[in-house]
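Peer 1: What follows is each chain in one-letter form.
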Amino acid sequence: MNAPRDPELDDLLAESDDLFAQYRALPKSEPPRELDIAILAKAREAVARPRKPSPLRWMVPLASVATLALAAGIGWRVLDAEQRTQVAAEGRASAKEEQIVEFELLDVPNRDAERREMANSPPPPPPPPAPAAAVPPPVQKVAAMPAEAVAEPEMADAFIAERQKSDEVAQPRQTGRDYAEPHLRADHSAPGAPPESDKRKAEMSVGQSAAGSRAASPAAENELAKDQDAAPEVLEPEEWIQKIRDLQLRRRFNEVRKEITEFRKTYPNYPLPDDLARQYR
Amino acid sequence: MLAYQGGDARAFEMLYQRHRGTLYRFFLRSLSRRDLADELFQDTWSRVITARDRYRPEAKFTTWLLQIANNLMIDHFRRQRPEDGGESAEEAFRTTPADSREQPERVLTDFEQARRMQNALAELPDDQRQAFLLRAEQGLGVEEIAEVMGVGRETAKSRLRYALEKLRARLR
Chain A
1 MNAPRDPELD
11 DLLAESDDLF
21 AQYRALPKSE
31 PPRELDIAIL
41 AKAREAVARP
51 RKPSPLRWMV
61 PLASVATLAL
71 AAGIGWRVLD
81 AEQRTQVAAE
91 GRASAKEEQI
101 VEFELLDVPN
111 RDAERREMAN
121 SPPPPPPPPA
131 PAAAVPPPVQ
141 KVAAMPAEAV
151 AEPEMADAFI
161 AERQKSDEVA
171 QPRQTGRDYA
181 EPHLRADHSA
191 PGAPPESDKR
201 KAEMSVGQSA
211 AGSRAASPAA
221 ENELAKDQDA
231 APEVLEPEEW
241 IQKIRDLQLR
251 RRFNEVRKEI
261 TEFRKTYPNY
271 PLPDDLARQY
281 R
Chain B
1 MLAYQGGDAR
11 AFEMLYQRHR
21 GTLYRFFLRS
31 LSRRDLADEL
41 FQDTWSRVIT
51 ARDRYRPEAK
61 FTTWLLQIAN
71 NLMIDHFRRQ
81 RPEDGGESAE
91 EAFRTTPADS
101 REQPERVLTD
111 FEQARRMQNA
121 LAELPDDQRQ
131 AFLLRAEQGL
141 GVEEIAEVMG
151 VGRETAKSRL
161 RYALEKLRAR
171 LR
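Read top to bottom, the protein sequences are chains A and B. Residue 92 in our numbering sits at position 92 of the first sequence; the count goes up by one each step and never skips. Residue 168 in our numbering sits at position 168 of the second sequence; the count goes up by one each step and never skips.
Check each hint, because a few of them may be wrong.
Derived EDC-like pairs: lysine to aspartate or glutamate, alpha-carbon spacing no greater than 20 Å straight-line [to be verified]:
no., chain 1, residue 1, chain 2, residue 2
1, B, Lys-166, A, Asp-10
2, A, Lys-42, B, Asp-8
3, B, Lys-166, A, Glu-90
4, B, Lys-157, A, Asp-18
5, B, Lys-157, A, Glu-82
6, A, Lys-28, B, Asp-35
7, B, Lys-166, A, Asp-274
8, B, Lys-166, A, Glu-8
9, A, Lys-28, B, Asp-8
10, A, Lys-28, B, Asp-38
11, A, Lys-42, B, Asp-43
12, B, Lys-166, A, Asp-36
These are calculated hints, taken from the structure and not from any lab test.
This is chain B alone, in the form it adopts within the complex (with noise of 0.2 Å):
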């Protein structure tokens, strides 16, 4: 990052594609919907170019995208909370690349799970998603997945234990 806010727009390159897939998916899993996930990601990345002035190399850039990530999403919750529907969970779930499922039975297991799995993440509270969503996606620790989400160490951990009791108990 330090590099491309001396003007190396190859390191630019570099980090985004370090970071495009989780960051895609995070937005993606928790909202369930493309085009929000799509629209968010563009923002992230926009304000990451934007504000690379203001980046200090003190905090960790997954840290600082991901907190730049998690305000955009609570700002959408919090304008979409009345009308939130959209997309449903499976429906994001069929964007599933097509190699995955070649074997039919596993296939059908896989595609059982993966959908179950996405189901109950999508009955989750938003923080308590977002929790999860960082440690298992982005495999932060309760330390960074608190920074991130701006909260104390004991709320992320809070968050955390209740998504996955929640979880084990939906997919029981």
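Chain A with its partners taken away, still in its complex shape (with noise of 0.2 Å):
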């Protein structure tokens, strides 16, 4: 690139040819011969001897590692990322189809480690049977009723009415539960009559009637037999409940809703804990 044409300069520089001229005319004054042989031993052996490494030797390899290091860490950051965020999305499709319904008392952090187990782990096994002795089906009252009472239908009257007693009995120990609610105990042992006990009177009218064809012929009792264990199991409302609570702690949120709401259907009157009625509303 050449420089820019200055005529001021060119000028003053022409004008000044006699000044460096007279400078030209100065001693032409040399280096003394041992600074010559000094710096040139000096520059000799600078490239004789091997270099020491110097520190950006490696500063390069080391920035190099650092960044790799540093790129590997951002890149695993974002996969983990990805991931949560695709698992996040996943609960929330899975929350959607199963409507799952989240607790207030789960704190969030334990949520999303939870969904995540959820996703991992594979599907819990299905819960055991309800105990059947636990939970004795009606066809059983009637069968342990006296041979006598199933005989002649005033006995069976008489039975009836002496076990509604003994459900009497037993029901303080019902309403000594958190649930039964002062209130909701006086709705339930109004002389309305609760549904369950009409159920159950229903019930014990089927095997009242039941027996009484079964008094009249071993083969119709057979056919109620095979009715009876064909009917769908009705659990008593406690154990109902249980059984809705372990649902509840297996995360089968699905069903439990459903059974809450097949409770109610079944038991209108009979008060739900309040847990589960504030979640299952």
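With the hints as a guide, bring both chains together as one complex.
Peer 2: Structure (structure tokens):
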């Protein structure tokens, strides 16, 4: 690149030619011979000996390694975040499908951890069937009836009345629980006759009629037994609630919701425990 | 210089032979003291040797060399300013080789002219003297002078112009 033309400077330099000539007339001093020798020796020595590794040489690989480590860390974090987002999206999708009810008592980190655990763990095993002994089917009540009561309708009535009394005796044990609020209990023991007792009466009446017909013919008794086997199992309220709690513990919320709906249909006046009632309105 | 970077010591010798005289005179005329000129001359070449790996061919070697020399000289001026004095310009001028004084009349005239020039140079401010020496001794243009001195073109031009005017006035 050429320097820009500067006429002023050119004129100045042209006028100063005599000065430069005077300067050039000055003696041509030279450095002493000893300096030449010393400097040239140093220059030769510098290229003859191996160079010391300078810190800059280490800086480049060190910086490269650090950069790679940083990039790997960032990449790992990004992937992890993507996976988390994916899991969260799947969790939201499954939540929509299953209508998962969030628990107020669970804090957010635990919920996330449980969601991840749910996403990664195999589906929980099916709940064990309710113990048959613990839930005596209505037919057992009929079967437990003394044979003479079955044989004679009057004795059957007496047996039912006695059984109702024993149920009423057992009732305070239930009302002692948290969910048995006084007003509900009053409602429950109202003369309007709770539905479960209706049901039981109906069952008993079924049993009664069955007993009558059984007394009439053994073939009819066998038929009745078949019908009762085929009929869906109806649990006692407490047992049913316990079953719902078991389902809840297994986080099968969809089934919990179904069971509660079923429970409310079956026992519309039976008070649900507060926690269940609050969560599954 | 690139050959010397690669370990060729003879390349350095060639560079040294090419620049040793002009560089030495640059120091000698700037400082007016032979011992200081020797010291800074040696320092300059030591730095060239040490910093050979940092040399990049984008820069002209002469410019790079003179930048090192100029920086050393500025450092020296900053250190020595309060006790300035030392060897006089005439004493520095006595280094004139004997063969240039063969004819008595001519020698007297040349000697007188050189002495006056030497004194006029010594009276210049440092930056103006350096600008003049870079032009007169090294043959640098204004842009190169500015680059070596680390100033703008106009500043270099101004320093050179002032130096020339003062010298002309002093030597008239």
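Peer 1: Run every hint past the structure and note whether it holds.
Peer 2: Outcome of the hint check:
no.	hint	in the structure
1	B/Lys-166 to A/Asp-10	holds, 18 Å
2	A/Lys-42 to B/Asp-8	holds, 13 Å
3	B/Lys-166 to A/Glu-90	violated, 88 Å
4	B/Lys-157 to A/Asp-18	holds, 19 Å
5	B/Lys-157 to A/Glu-82	violated, 64 Å
6	A/Lys-28 to B/Asp-35	holds, 17 Å
7	B/Lys-166 to A/Asp-274	violated, 107 Å
8	B/Lys-166 to A/Glu-8	holds, 17 Å
9	A/Lys-28 to B/Asp-8	violated, 29 Å
10	A/Lys-28 to B/Asp-38	holds, 15 Å
11	A/Lys-42 to B/Asp-43	holds, 12 Å
12	B/Lys-166 to A/Asp-36	violated, 35 Å
Checked against the numbered hints given earlier, the structure breaks hints 3, 5, 7, 9, 12 and satisfies all the rest.
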